[in-house]
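*Asks:* Protein chains in written order, with numbering that gives the first Met the number 0: chain A, 0 to 287; chain B, 0 to 264.
Now the stretches of chain A that chain B is said to cover, found in silico as 3 or more residues with beta-carbon under 8 Å:
| id | segment |
| --- | --- |
| 1 | 39-52 |
| 2 | 66-73 |
| 3 | 78-91 |
One-sided excerpt, in silico: chain B residues whose CB lies under 10 Å from chain A:
| id | residue |
| --- | --- |
| 4 | Phe13 |
| 5 | Ala38 |
| 6 | Ser84 |
| 7 | Asn88 |
| 8 | Leu89 |
| 9 | Ile126 |
| 10 | Arg195 |
Now the stretches of chain A that chain B is said to cover, found in silico as 3 or more residues with beta-carbon under 8 Å:
| id | segment |
| --- | --- |
| 11 | 122-128 |
| 12 | 153-165 |
Calculated from the structure, these hints are not laboratory results. The beta carbon of each residue, even a glycine, is placed where N, CA and C say it ideally should be.
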Amino acid sequence: MPLAHPGCAQPIPTAVGIGLRPPHIEHVLERRPDVPFFELHSENLFCAGGPMWDVFEQVRRDYPVSLHGVGLSLGSADGLDPTHLQRLREVIGRAAPALVSEHVCWGALGSRHFNDLLPLPYTEEALSLMVEHVDQLQHALQRRVLLENVSSYIHYTHSTMPEWEFLAALARRSGCGLLLDVNNIYVNSINHGIDAVRYIDSIDPTMVGEIHLAGFSRKQGLGGPLLIDTHDQRVDPAVWQLYAHAVERLGAKPALIEWDQQLPAFDVLEDEARLATEYLHACAAEPV
Amino acid sequence: MPAPPSLSELQAGFARAMIEGAAPELLPWIGARGIEPAARLQIYRNSILATQVDSLLGSFPAVERMLGADCFDGWATRYAAWHGSRSGNLQNLGDDFADYLQAQPELAGLTWLGDLARLDWLRQRTILAADGDALDAAALQAAFDAAGDDPRVQLLPCMHAMSADFPLLDLWRYTESPDQLSVALDGGAQGVLLWREDGQVAMQACSPAAVAFFIALKRSERLSVALAAAQAIDPDVSIEALLGPLLGAALISDIPIPDCREQDT
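Using the sequences and the hints, build the whole thing.
*Replies:* Structure (structure tokens):
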């Protein structure tokens, strides 16, 4: 199954892109900054028409584009929302992005949607369900997707395998690729006391199609260490260190700076992307 | 120790914790590491509510301006907790927020609030609507000539209309510039025609009769049926006056030629 859509304008380069959010759109369209690729949330294009599609077409004309979904809820025990899946299929068919990604999580039960990336237990039951739903997604889209590990504030005591084994088995059994969020690995390592380096070392480099980087916040006063994946500040030095290890271990992969709240001026994101590029240049380029 | 929950049991418990604020049966299956499992669940509950309230804030800017930030936040939080989201796409959250606000006894004195929220929602629908091309003057004339005496008039998908028994559009505009504008809420009924122009929402005041006409056309009624709907409100209104705003804003996309079966009936 192809990773990129045959009709996509430009493939994602092995470089550091930026997540494009509405407050920066005008800047990007006016200045056309030198950014290797942009990533947008798939759900921003769930509208039938209007300015978001106009923006997308303009961005896609000049830049490689990846679409990153946040609302499909692949891990829901009662199945995928057929309306959401159908709309995603239409969006991907029309947008023809170079990459499509979603999350290893759940976020809806019945008709109730929580619009959040909620954690799954790492059990055989959850794994089988995820494999089934990823199959369904890849079949609907007729392409391979990347799945991202999520940050979490809960660890289920009845999990039977570590998170990295769950991810690896999911990729192996469904044929999907992995979008490795290094910040989420770090956040989870603090929140759940897992070994972040071992996590990365356990991932097969050939499964990884993209890496995400973002900032987190420290939650105080709860009686224990807790990091919240807020995407509202610069990448933490500890995450840069882990990213350096990831690049060394996994090889050069497309990477992305995500910033979703309290957005700074665009040049701050460009500066973060420049930093990530320095780590990437230490590694020989590898085609996607 | 009881058997661990199945995935559907776990998610049902988690959902209860998010909606009702507690799910004791779930707590034994959440690792503590110095932080109470209930506190860990509460982080998700707060995050979900914050995301949904933020989305409502983006969809109902005039309501927020009129109620004030704190009051809006309170009602949006109650709505999100009670109603929740029915879609993985947050653009759909708030479809009945106007009805919810209107039904609250504490807000009963704000008789304009429900319709103001409906106008905010229609603005969002307008911005997200499908694209379409309007007929130019020559094509429009040709289409009218070819379509017979009583055609259906197809409007651009971005066209919406609503009316209220007070000056709704004046109130909406007042919320943007309260220092420079004033609004007389006893100024009588007012309709609003909405469409998309250069990626922005355009709005124009119109009569409630015109709104009835536009809505009937949007439901694919024939011109005569739409005119009757308008004249039920204002018997003196003319077809020229009703079509004027649609022609002026170039909102007609087609006047289909009826097929034979339709002509026979």
